[in-house]
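Enquirer: Sequence:
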Amino acid sequence: MAKWLLWIAALLLSGLLVTMGYYQYRDWHHPYRAIQVRQLPPPDLKPMLSIDTHLALTPRPQETYAFPIPLGKVGPAEPLYAGARQYPFFCMTLASGLGQPQIDNHRGQGVAVFNDRGGQLGDTILGYSRDCGLPSVLNYFYLDLNGVLRPYLPGSPVPPEQVAQTEINGRSVAQIYRVESGTINRYIYHIAMLATPDIAREQAPWWNRKLIYQFHGGSGIGFRQGRLKPSKIVRKRLEQLQQGYAVISSTGNKTSYTYNMVRAEDTARRVKRQFVSLYGQPSYTIGIGGSGGGLSQYLMAQNRSQVFDGALALYAYPDMVTQALYGLDCDLFNTYYAFRSPTRHRWQDFDNRTELEGLNAAAGFSQRAPFLEPLNQLLHGRWPSWPQGSSECINGWFGLSALIHNPRQGYIRPMFSDAIDRQQHWSYWEDLVQIFGRDQHGFARTAWGNQGVQYGLRSLRQGRISVAEFLHLNRHIGSWQETGVMSRETIWTPLGMRLPLWLSLWGNHNVTEGAPAPRRQPDPYAVERAYRTGQVFMGANPIPVIDLRHYLEERLDMHHLSASFEARARILDWHGHTDNQVIWVSDYRYTPLKEAFDAMELWLQARLMGQPRPDHIEDQCFDADGQVLQRGDGVWDGQWNGRRPGACSQRYPHFSNARVQAGGPWQGSVFQCRLLSVDEAVAQGQYGEVAMTPYLAQLRQVFPDGVCDLAAGDALRPPDLTPAAGF
Numbered sequence: 000m001a002k003w004l005l006w007i008a009a010l011l012l013s014g015l016l017v018t019m020g021y022y023q024y025r026d027w028h029h030p031y032r033a034i035q036v037r038q039l040p041p042p043d044l045k046p047m048l049s050i051d052t053h054l055a056l057t058p059r060p061q062e063t064y065a066f067p068i069p070l071g072k073v074g075p076a077e078p079l080y081a082g083a084r085q086y087p088f089f090c091m092t093l094a095s096g097l098g099q100p101q102i103d104n105h106r107g108q109g110v111a112v113f114n115d116r117g118g119q120l121g122d123t124i125l126g127y128s129r130d131c132g133l134p135s136v137l138n139y140f141y142l143d144l145n146g147v148l149r150p151y152l153p154g155s156p157v158p159p160e161q162v163a164q165t166e167i168n169g170r171s172v173a174q175i176y177r178v179e180s181g182t183i184n185r186y187i188y189h190i191a192m193l194a195t196p197d198i199a200r201e202q203a204p205w206w207n208r209k210l211i212y213q214f215h216g217g218s219g220i221g222f223r224q225g226r227l228k229p230s231k232i233v234r235k236r237l238e239q240l241q242q243g244y245a246v247i248s249s250t251g252n253k254t255s256y257t258y259n260m261v262r263a264e265d266t267a268r269r270v271k272r273q274f275v276s277l278y279g280q281p282s283y284t285i286g287i288g289g290s291g292g293g294l295s296q297y298l299m300a301q302n303r304s305q306v307f308d309g310a311l312a313l314y315a316y317p318d319m320v321t322q323a324l325y326g327l328d329c330d331l332f333n334t335y336y337a338f339r340s341p342t343r344h345r346w347q348d349f350d351n352r353t354e355l356e357g358l359n360a361a362a363g364f365s366q367r368a369p370f371l372e373p374l375n376q377l378l379h380g381r382w383p384s385w386p387q388g389s390s391e392c393i394n395g396w397f398g399l400s401a402l403i404h405n406p407r408q409g410y411i412r413p414m415f416s417d418a419i420d421r422q423q424h425w426s427y428w429e430d431l432v433q434i435f436g437r438d439q440h441g442f443a444r445t446a447w448g449n450q451g452v453q454y455g456l457r458s459l460r461q462g463r464i465s466v467a468e469f470l471h472l473n474r475h476i477g478s479w480q481e482t483g484v485m486s487r488e489t490i491w492t493p494l495g496m497r498l499p500l501w502l503s504l505w506g507n508h509n510v511t512e513g514a515p516a517p518r519r520q521p522d523p524y525a526v527e528r529a530y531r532t533g534q535v536f537m538g539a540n541p542i543p544v545i546d547l548r549h550y551l552e553e554r555l556d557m558h559h560l561s562a563s564f565e566a567r568a569r570i571l572d573w574h575g576h577t578d579n580q581v582i583w584v585s586d587y588r589y590t591p592l593k594e595a596f597d598a599m600e601l602w603l604q605a606r607l608m609g610q611p612r613p614d615h616i617e618d619q620c621f622d623a624d625g626q627v628l629q630r631g632d633g634v635w636d637g638q639w640n641g642r643r644p645g646a647c648s649q650r651y652p653h654f655s656n657a658r659v660q661a662g663g664p665w666q667g668s669v670f671q672c673r674l675l676s677v678d679e680a681v682a683q684g685q686y687g688e689v690a691m692t693p694y695l696a697q698l699r700q701v702f703p704d705g706v707c708d709l710a711a712g713d714a715l716r717p718p719d720l721t722p723a724a725g726f
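Numbering follows numbering that gives the first Met the number 0, in which position 599 of the sequence shown is assigned residue number 598; successive positions increment by one, without gaps.
No lab work stands behind these hints, which were simulated from the structure alone. There may be inaccurate statements among the hints.
Dumping the calculated BS3-like pairs for lysine-lysine here, alpha-carbon to alpha-carbon at most 27 Å [as the list claims (entries may be wrong)]:
no.	residue 1	residue 2
1	LYS209	LYS235
2	LYS45	LYS72
3	LYS231	LYS593
4	LYS209	LYS228
5	LYS235	LYS45
6	LYS72	LYS231
7	LYS231	LYS209
8	LYS235	LYS593
9	LYS45	LYS593
10	LYS209	LYS593
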């Protein structure tokens with residue numbers, strides 16, 4: 000056996016060394032290395048807007064910048080009310096195809112700006128840019144007869160017969176698109192519409208008076224400007240631009256670069272103000288965006304941002320901070336399965352994992368890097384086992400604990416010098432530190448915790464796991480260590496090489512140990528500020544929302560259907576109805592986006608006339624050919640509302656998550672439950688028909704502080720935040 004273990008270890012090591020060499024070579028030659036931030040300016044100390052009740056109830060300050068931004072000039076770098084500028088901050092105008100940023104200092108602060116050498120970076124540093132300013136500029140693109148979008152250079156006319164046409168108000172119009180680009184709040188903004196170079200910037204003859212605000216998704220932890228090429232905006236919304244819509248967007252509204260909804264709103268309001276100052280008020284504005292771009296719309300609508308009038312929320316979650324609750328549970332479960340469970344064979348049948356995680360899991364589903372688990376098991380002195388399937392936790396949420404929660408991890412790409420990388424904290428919480436505040440050790444406060452959570456409780460009550468499995472899981476699953484003592488993912492570094500692979504799989508070295516392994520509470524101040532600053536979607540839904548997604552459960556995609564029902568459950572709690580939300584789900588082979596735009600236009604036109612939502616705009620589901628399978632009230636009934644599955648739920652069944660499987664509510668917004676003693680929980684009937692009296696002593700040991708009161712809500716939600724507050 001020992002020889003086999005050595006042979007396997009040698010084989011894995013050989014492969015790792017080859018991979019290490021490749022990644023080290025790529026790291027040395029990465030284009031970011033030449034311009035990386037090596038020195039920081041003094042910290043910006045501007046305070047954020049004071050929010051005592053809720054952002055939705057807080058008046059925003061009057062604008063101080065005289066919009067519009069003149070062509071050739073840089074827009075405002077300092078936010079109006081979102082607080083201090085974040086440093087370090089990596090400029091990405093070059094990566095966006097817009098050239099180098101404007102020099103704003105010669106003290107080495109920010110990214111280096113080089114001389115130009117035939118369109119390439121030269122060898123001479125001319126200065127530095129800490130605020131990534133980009134003078135506003137116009138670029139043009141045309142659509143050729145083959146449907147290819149190409150740059151249109153003024154002064155180099157393209158023969159008209161090579162340009163595709165579109166019809167606007169009965170007239171044939173050349174598909175030439177003007178995109179204005181610049182920076183606002185240091186983020187790159189774009190304004191796109193039909194216009195030829197001979198039309199003055201302030202003129203928009205083909206604009207149909209309807210505006211789209213394009214949001215974008217992704218998971219990010221701040222500290223960079225973001226990449227968004229002008230041509231991408233045109234390609235993404237080409238069908239609407241062909242109809243005469245105008246489209247505006249900003250990297251500040253791309254959650255790959257920040258989830259700070261105060262900063263995102265401050266930026267979006269200014270981008271829209273730039274547009275309105277040039278072209279006037281639109282008849283209405285439609286928001287659109289997927290994943291993080293979908294949750295941004297839920298939050299900005301609730302927070303009364305006044306950026307858009309209707310939302311097309313694609314693949315949306317209700318918000319980020321509450322999704323992190325069960326998202327960060329994923330690596331706790333994976334650590335348990337791989338390193339702590341005495342019955343690993345039970346969980347190697349991936350179909351069983353859904354009982355605990357709630358999210359979908361599937362035996363036989365391929366993992367992206369399955370060798371990591373046996374390798375890490377060998378390093379832990381355990382007999383290795385090759386994964387026989389995968390789960391949404393692995394396929395969709397792998398690495399979340401390192402990316403958003405571990406302040407020591409940082410970026411793989413060399414955007415910042417090693418010195419800055421070592422001194423800076425990197426996390427989702429740090430990106431929002433002006434909101435969450437710092438603890439006594441100087442780390443951003445966090446809103447994640449799992450004290451009292453009885454993982455797998457629903458499955459225990461249903462007889463799907465045994466009492467022994469339930470007790471062992473909750474005794475050993477543990478929690479994340481305090482952020483101040485977390486360390487980077489362990490990366491094997493022979494000969495000084497660096498390899499961006501997790502060799503401390505699932506962040507297991509940052510998971511608490513013991514029998515029982517300690518749990519932790521969220522920081523009460525961080526939770527309160529998350530609520531008050533509009534980072535949490537509580538269900539206030541004042542504008543029309545079409546919650547639209549493909550059905551991706553079978554692909555173990557992280558954009559699970561149950562997120563739509565989390566949002567709906569919160570809306571029902573808040574309003575008592577869902578008049579302003581409909582849920583559409585389609586087979587992944589068909590995207591009913593045209594239908595969604597048409598429906599939203601009719602809905603907004605009805606609102607302008609003081610009329611309710613048109614009757615035909617309702618919950619529905621589509622097949623692969625775009626045919627409506629079922630529609631109407633009750634089609635999405637299911638486990639989320641405790642009813643028999645409706646017609647659409649039968650066709651597209653949904654799963655849950657770890658906190659629901661622990662007996663929590665479908666709203667999914669409990670940061671810290673109210674605690675009951677184990678004896679009270681038994682008396683309350685939490686364990687159903689399962690006789691837990693013989694196990695009381697073990698339960699008390701596993702949960703010395705008590706277990707969650709399943710009949711109560713979030714103990715940390717500010718009590719004044721209710722519909723009666725005037726939302």
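Enquirer: Enumerate the violated hints, using their earlier numbering and listing them in ascending order.
Expert: 5 and 9
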